[in-house]
Amino acid sequence: MKLFREILFPLIAVLAAFLIGGIFVLAIGDSPIVTYRLLIGSAFSWPDGIGYTLFYATPLIFTGLAVMVAFRCGLLNIGAEGQLYVAAFATAWVGITFAHLSAWILLPLVCLAAILAGGVWGAIPGVLKARFGSHEVINTIMLNFVAVALVSYFTQYHYKTPGDPILQTTVIGQGAHIPRLGRFIPGLPERIPLNLAFIFALIACALVYVFLWKTKWGYEIRATGANPSAAEYGGISVRKQIILAMAVSGGLAGMVGINEVLGYRYRYYDGFSANYGFTGIAVALLGRNHPVGVLLAALLFGVLIRGGIFVDAFTNHVSKDLVDVLQGVVILFVAAEALFRGPFSRFGLLKRAKV
Amino acid sequence: MLELRNITKRFGDVVANDGVNIKVASGTIHAIVGENGAGKSTAMRIAYGFYTADSGEILIDGTERSIKTPHDAIALGVGMVHQHFMLVEPMTVAENIVLGAEPGGALSLDLNQAGSEIRSLSEEFKLAVNPNATIEGLSVGQQQRVELLKALYRHARLLVLDEPTAVLSPQEVEEFFAILRRMRDQGKTIVIITHKLSEVLAISDDVTVMRDGRVVGVVKTSETNAAQLAKLMVGREVLLRIEKPEAKPAGPVLNVSDVSVKGRDGTPRVDKVSFEVRAGEIVGIAGIEGNGQTELIEALSGLIPGSHISGKVRFLGQDITRLDARRRKELGIAHVPEDRHRRGLLLDFDLAENSILGVHYRKPAVHGFGSVMLNQSGILKRAEQVIRDFDVRPPNPALPARALSGGNQQKLIIGREFDLNPKLLLVSQPTRGVDIGAIEFIHSKLVALRDAGCAVLLVSAELEEVTALSDRLLIIHQGKIAGEVDPRKTSVEEIGLLMTRGHL
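From first to last, the protein sequence lines stand for chains R and U. If you count by the numbering used here, then the first sequence holds residues 854 to 1208, one letter each, in order. If you count by the numbering used here, then the second sequence holds residues -14 to 489, one letter each, in order.
Heads up, a few of these hints could be off.
Claimed, not checked - Within a straight-line C-alpha distance of at most 27 Å, the following computed DSS-like cross-link-like pairs (lysine-lysine) qualify:
(1) R:K1069 / U:K465
(2) U:K247 / U:K474
(3) R:K1093 / U:K348
(4) R:K1093 / U:K8
(5) U:K8 / U:K205
(6) U:K233 / R:K1067
(7) R:K1069 / U:K474
(8) U:K408 / U:K233
(9) R:K1069 / U:K257
(10) U:K366 / U:K348
(11) U:K233 / U:K366
(12) U:K181 / U:K474
(13) U:K216 / U:K366
(14) U:K247 / R:K1067
To be verified - Here chain R is said to cover these stretches of chain U; the calculated rule only asks that three of the stretch's residues, wherever they fall, bring their Cβ under 8 Å from a Cβ of chain R:
(15) 74 to 81
(16) 328 to 336
Calculated from the structure, these hints are not laboratory results. Since the structure is predicted, the reported quantities are computational estimates derived from the model, not experimental observations. Beta carbons: idealized from backbone N, C-alpha and C, even for Gly.
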């Protein structure tokens, strides 16, 4: 019964979004059926459609997980965007600076750099909240601006290839590349940037599940999110949990850097993130703050991003903004439900207003 | 005046009211008693338009009326005072009273007329409420009178009071009852919902007893007694007195000397308190709520940081003033918190997960390398044991704690803490909002724990409970110990004076 509800509401939200999106399409002057067939068809074609859909979903799985871990501790991490920028740059920096090392050493090093840099950047608002009680929403938003400006500066003035008109760093060492999945899957060409990071994302889903529900640390984080006073009574240090949850959250967001830098561009490219961090909030919400839900929601958003490109190109009037409409309506429905009922009502705006 | 006929109300699968008939005669005080979940509040909320009945009729003055919202009820002269006051703290009495029925035009608010009306009502019933005072400056008893005025201002002829005495001191209860009698004598009708039998006998004219959503008895107060009412409420004979053998106290377990505690906001709450609790005795602390009991217990259990505490707390000779909650629990100090929803439970977690709160990081809750992984079978075993030993119903460890009744939630917490085999138990309001059957059970468990050699420090707002259970009784007033009395020899008057004045 509970499971049924958990699945039913997001499903209704998605269907409703498609219905309302269809009305928009009709009003603009195209056929919803043709448009949707194009959207879905282009996302599920083999190999390009599926390959790209999964590639687009990869960063959203990481950021969705990041937001949900913070959510489970009662925190709203709006800073995944900043965390993934810092992490991606740090990954590239390690990949460039230690380019001469062999893959056996370099690869773990760059992956670690992504996770650690994101984790540290995420832990900062955690520490600020635990130590001074300043609200994580404000601090994570502010740190997004700091992060974007900081990495832009370093790229522009210190790590750019001289003469390159594009704002990007030099390439990372060969040893820091992770293979594209095309190398292992017959029929999937290697030009499609779907890479090992997608497998990491699946593993991350499983690990996050085990961490939150099967370890004492996860118990403490969830207890803190469910009722900080009771957690305190149970001998749990709420401050420690806040810092830990934010660090783990940031680390997960940072793993976007693995997909972007190590598996796709092999360098830091300024402004690469298509709002992955913010979309992660939507993914977590639609996925009902569960790793399986996050995975499914990220895949749906991957479909929309991929399909949107084709809708843009091959319909007469509808642009890829349709995707934003669909995403928006999905969130609206999910949020409306989450605001008023369900285990996440405490993240609702009504509750927030009281803080 | 008011008659409910054949009222039935379902919430999902639960039948809250099953063919309920209640008849309240005009100009009387009518008590509705029953355990938690008996359906007494539901029935009255239907009369007040908070809920609509699935079937049945409501008659006011003999005519059938449709009451769909509280507005309908108020228009018909029915008012209700809730257990939790609905007052806006920073606003004045007059502003609160007119709220929702503001006099004057759309852009003007005429409080003068309202003020004089309130003043005359206040004088008529001797409520002594100043319409210009702000709510935050008023005592709980005064706030309650503001709630009464709110109903009277709206010309209520029938007043429904939901557990009105829960927040009052014994003296305040007396005053409050005097007000109710005055109101009755001037022609008002009063329905009082309660589970305290002594109050029913003291104030009411008629009693309706409810159990499991049904009316199981209608009696004249003058023709009944506490034992009969309790039997009707629970459905079996109930021990109203706690049977306990003489305490055999051994050596001191808890030693509190000159302890002062500041609240989280830095204001002093407990002022140089010293006492001792020995193994095998129950020491009670009585006092009106908000006199430092909460802070004292939280300081002893380690929930208030050491920096807010001065003086010394010793446990079996060891100084524990600076230890955190986890370390204290490991030493053998268990704690049943006063507010089970805020402190004691993770309401969205299941019973199994709740049964390990506080010991979730050590065996048997964890296993494996570095004791990191939760041991699901170990947790389940522990939960099942607590559920069995403390008769938690329904006995399903996979249910969320939210799904349990208050009494069963409390039994789960007490079971969890008792299972630690504590040397010292700090227990606050163990039976608040718990029904009579469970109260009896919890009391016998507390006495059994004492007899097993545990030191028990008990804080309770229920005077009957704290005098009946304690072997020694301390009274706290404004953060100070106002005195110690022998619970076997003391009187309600003596305790009441110490609670309200701080001296005899």
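To see whether the hints hold, each was checked on the structure:
1. R:K1069 / U:K465: violated (40 Å)
2. U:K247 / U:K474: Violated, at roughly 34 Å.
3. R:K1093 / U:K348: holds (22 Å)
4. R:K1093 / U:K8: violated (58 Å)
5. U:K8 / U:K205: holds (12 Å)
6. U:K233 / R:K1067: Cα-Cα ~45 Å, so violated.
7. R:K1069 / U:K474: violated (50 Å)
8. U:K408 / U:K233: The hint holds at about 15 Å.
9. R:K1069 / U:K257: Violated. K1069 (chain R) to K257 (chain U) sits at ~39 Å, over the 27 Å cutoff.
10. U:K366 / U:K348: holds (12 Å)
11. U:K233 / U:K366: Violated: K233 (chain U) and K366 (chain U) sit about 34 Å apart, past 27 Å.
12. U:K181 / U:K474: holds (23 Å)
13. U:K216 / U:K366: Violated. K216 (chain U) to K366 (chain U) sits at ~36 Å, over the 27 Å cutoff.
14. U:K247 / R:K1067: violated (38 Å)
15. 74 to 81: Not satisfied, violated; 0 residues make the cut.
16. 328 to 336: Satisfied; 7 residues make the cut.
Consistency with the previously given hints fails for numbers 1, 2, 4, 6, 7, 9, 11, 13, 14, 15, ordered from lowest to highest.
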